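Enquirer: In the working numbering, the protein residues as written are 1 to 421.
Honestly, the hints are just simulated from the structure, not real lab data.
Hints may contain errors.
Simulated pairs of lysine to aspartate or glutamate, EDC-like, Cα-Cα distance not exceeding 20 Å [stated by the list, open to error]:
(1) Lys-310 <-> Glu-179
(2) Lys-77 <-> Glu-146
(3) Lys-274 <-> Glu-219
(4) Lys-41 <-> Asp-81
(5) Lys-240 <-> Glu-219
(6) Lys-276 <-> Glu-260
(7) Lys-123 <-> Asp-92
(8) Lys-13 <-> Glu-24
(9) Lys-342 <-> Glu-293
(10) Lys-9 <-> Glu-19
(11) Lys-9 <-> Glu-260
(12) Lys-153 <-> Asp-215
(13) Lys-41 <-> Asp-92
(14) Lys-278 <-> Glu-260
(15) Lys-13 <-> Asp-108
(16) Lys-310 <-> Glu-260
Using C-beta positions, here's what the derived DEER-type ranges look like [said to hold, decoys possible]:
(17) Tyr-273 <-> Gly-95: 33 to 41 Å
(18) Val-152 <-> Ile-271: 32 to 40 Å
(19) Ser-291 <-> Asp-215: 29 to 37 Å
(20) Lys-312 <-> Ala-343: 34 to 42 Å
(21) Lys-312 <-> Asn-136: 44 to 52 Å
(22) Asn-239 <-> Arg-53: 47 to 55 Å
(23) Gly-314 <-> Ser-56: 52 to 60 Å
(24) Lys-312 <-> Gly-95: 53 to 61 Å
(25) Lys-77 <-> Arg-218: 15 to 23 Å
(26) Gly-25 <-> Pro-272: 42 to 50 Å
(27) Lys-77 <-> Asn-227: 44 to 52 Å
(28) Leu-36 <-> Asn-58: 33 to 41 Å
(29) Lys-77 <-> Leu-268: 19 to 27 Å
Note that this is a predicted model, so its numbers are computed, not measured.
Don't be surprised by glycine CBs; every beta carbon is placed ideally from N, CA and C.
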Amino acid sequence: MVARINTGKSISKALNYNEQKVREGKAEILDESGFLKDVDKLSFYDKINHFKRFTSLNERAVTNTLHVSLNFDPSEKIDNDKMVEIASAYMDKIGFGKQPYLLYRHHDAGHPHLHIVSINIEKDGTRISMHNLGRNQSEKARKEIEREFGLVKAENKKNTDLLNLKPVNATKVIYGKSETRRAIANVLAPVINQYKFTSLAELNAVLQLYNITADRGREGSRIYRNNGLTYSILDEKGNKIGVPQKASSFFMRPTLGTLEKKYAENELVRIPYKEKLKGSVGWILNTQPESLEAFVKALEKERISLVIRKGKEGVIYGMTYVDHKTKCVFNGSDLGRQFSAKAVLETCQSTGLVKPKHMDNKLTLQEQMKNRYRELMQITGHTAAPVWRLPEIILSQTVEPDYVPNQLIRKKKRKKHRLKR
1 MVARINTGKS ISKALNYNEQ KVREGKAEIL DESGFLKDVD KLSFYDKINH FKRFTSLNER
61 AVTNTLHVSL NFDPSEKIDN DKMVEIASAY MDKIGFGKQP YLLYRHHDAG HPHLHIVSIN
121 IEKDGTRISM HNLGRNQSEK ARKEIEREFG LVKAENKKNT DLLNLKPVNA TKVIYGKSET
181 RRAIANVLAP VINQYKFTSL AELNAVLQLY NITADRGREG SRIYRNNGLT YSILDEKGNK
241 IGVPQKASSF FMRPTLGTLE KKYAENELVR IPYKEKLKGS VGWILNTQPE SLEAFVKALE
301 KERISLVIRK GKEGVIYGMT YVDHKTKCVF NGSDLGRQFS AKAVLETCQS TGLVKPKHMD
361 NKLTLQEQMK NRYRELMQIT GHTAAPVWRL PEIILSQTVE PDYVPNQLIR KKKRKKHRLK
421 R
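Throw the hints in and build the complete structure from the sequences for me.
Expert: Below, the structure written as structure tokens:
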């Protein structure tokens, strides 16, 4: 089981999100807790007004909404009654058992999952802290519930990519194949939660791998002036298609303000992984790749994606490295001058033509050593010699230049003949 926790400032948005799914036939409401009527007799206004009675008791609490999704392995067949039991146990274990909440089962994904909507304001107006709720209480509750109900353990399951926990394995979004907003959300959630990016450009470097882009709009536009943000699907040529989706319309709220908080956090978190990435990329550059395409393929073997930024005329002006092992994103210039677009292009364009025979990547290590051995024999003038004598032979050679520049030739002083008296 995998639990995802989202906290927010509007109970209306969390409730509307799930109610909309019910109206579309993509979800059903299973149960309620702490309400005055049975779940099948509750209207939308009964639900929202009951939540607002609690939130009005503490108007100083800005973040008052809890929206949880519990995700189960696709191999598990869980009926509605068992889902209600799991949800009740989960809410008790994280300290929300006495809070009013609504339970929805969604049918819009390939794995069984449910959503829980609640608030953190108690009957006396006190606020339940949600700081590190996912890391502490939720993680402990998840492990206990997996044991109690015999569920597939998240950390032991290798195919958790089916739950979109590993965005590197996420299926690329193709416009028209699935619901636009849901398809974007399935990529946004794991990317934003797991990858360490420090700018919108770095975030887009990851999102573009899955045909998605985040856009602030043209400078001076209404969206740009209001610090708005939209997400769009890209076609195979990188052009935006379909209707852009506002960041505020997603339940995880990946707005510009939320992302800017992530920038500051990720700036520090990614520091320990910088040298490792530099070492991996530097090692590949030292092998002298014959072309930019060869460089990209070599990086992919190390699970590193190279995102190339081009201008209107197709001129490359930047490169971004996405390390899928450490989930870190770095611009080439941030790693060092030799990893920038200009330096990489110069390296790829200048190599290959002057590469020695013993550095041919297609040859085995043994063949490369044989070629190098023959080259040394030619240089030293020996037709054959044991390998262990190579250092001795090389050090014993004295190289006499065939040509010495005129400026370096020391002229002999002419002797002055004195007259004898």
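Enquirer: Against this structure, judge whether each hint is valid.
Expert: Hint check results:
The suggested pairing of Lys-310 with Glu-179 is violated, with an alpha-carbon distance near 30 Å, which exceeds 20 Å. Our distance criterion of 20 Å between C-alpha atoms is met by Lys-77 and Glu-146, whose separation comes to about 14 Å. For a cut-off of 20 Å, the pair hint linking Lys-274 to Glu-219 is broken: about 32 Å separates their Cα positions. A C-alpha spacing of about 19 Å is found between Lys-41 and Asp-81, which places the hinted pair at or below 20 Å, so the restraint holds.
At roughly 18 Å between alpha-carbon atoms, Lys-240 and Glu-219 fall within 20 Å of each other, so this suggested pair holds. With a C-alpha separation of about 26 Å, the suggested pair Lys-276 and Glu-260 falls outside the 20 Å cut-off, and the hint is violated. A hinted pair counts as satisfied when its Cα atoms are at most 20 Å apart, and Lys-123 with Asp-92 qualifies at roughly 16 Å. For the hint pairing Lys-13 with Glu-24, the CA-to-CA distance comes to about 16 Å; that is within 20 Å, so the pair holds.
Taking the CA atoms of Lys-342 and Glu-293, the gap is about 15 Å. The hint holds against a cut of 20 Å. A distance of roughly 18 Å separates the Cα atoms of Lys-9 and Glu-19; the hinted pair therefore holds under the 20 Å criterion. For the hint linking Lys-9 to Glu-260, the alpha-carbon distance of about 18 Å falls within 20 Å, and the restraint holds. Between Lys-153 and Asp-215 the alpha-carbon distance is near 37 Å, which puts this suggested pair outside the 20 Å criterion.
The hinted pair formed by Lys-41 and Asp-92 fails the criterion: a straight-line CA distance of about 25 Å is larger than 20 Å. Proposed proximity of Lys-278 and Glu-260 is contradicted: the alpha carbons are some 25 Å apart, above 20 Å. Between Lys-13 and Asp-108, the direct Cα distance comes to roughly 19 Å. Compliance with the 20 Å bound is thereby established for this hinted pair. A threshold of 20 Å between alpha carbons decides the hint, and for Lys-310 with Glu-260 the separation of about 25 Å lies outside it, so the pair is violated.
Take Tyr-273 and Gly-95: their Cβ atoms lie about 34 Å apart, and the range 33 to 41 Å holds. In this structure the hint that Val-152 and Ile-271 lie 32 to 40 Å apart at CB holds, the actual value being about 35 Å. With their beta carbons about 32 Å apart, Ser-291 and Asp-215 fall inside the hinted range of 29 to 37 Å. About 23 Å separates the C-beta atoms of Lys-312 and Ala-343, a value inconsistent with the hinted range of 34 to 42 Å.
Judged by the Cβ atoms, the range 44 to 52 Å given for Lys-312 and Asn-136 holds: they are separated by roughly 50 Å. Checked against the hint of 47 to 55 Å, the C-beta distance between Asn-239 and Arg-53 comes to roughly 49 Å, which is consistent with it. At about 58 Å, the beta-carbon gap between Gly-314 and Ser-56 stays in the expected band of 52 to 60 Å. Checked against the given bound of 53 to 61 Å, the beta carbons of Lys-312 and Gly-95, roughly 55 Å apart, stay inside it.
At roughly 50 Å, the beta carbons of Lys-77 and Arg-218 sit outside the given window of 15 to 23 Å. The hinted window of 42 to 50 Å between Gly-25 and Pro-272 holds, with their beta carbons roughly 47 Å apart. About 45 Å separates the C-beta atoms of Lys-77 and Asn-227, a value consistent with the hinted range of 44 to 52 Å. The hinted window of 33 to 41 Å between Leu-36 and Asn-58 is violated, with their beta carbons roughly 21 Å apart.
At about 44 Å, the CB distance of Lys-77 to Leu-268 disagrees with the hint of 19 to 27 Å.
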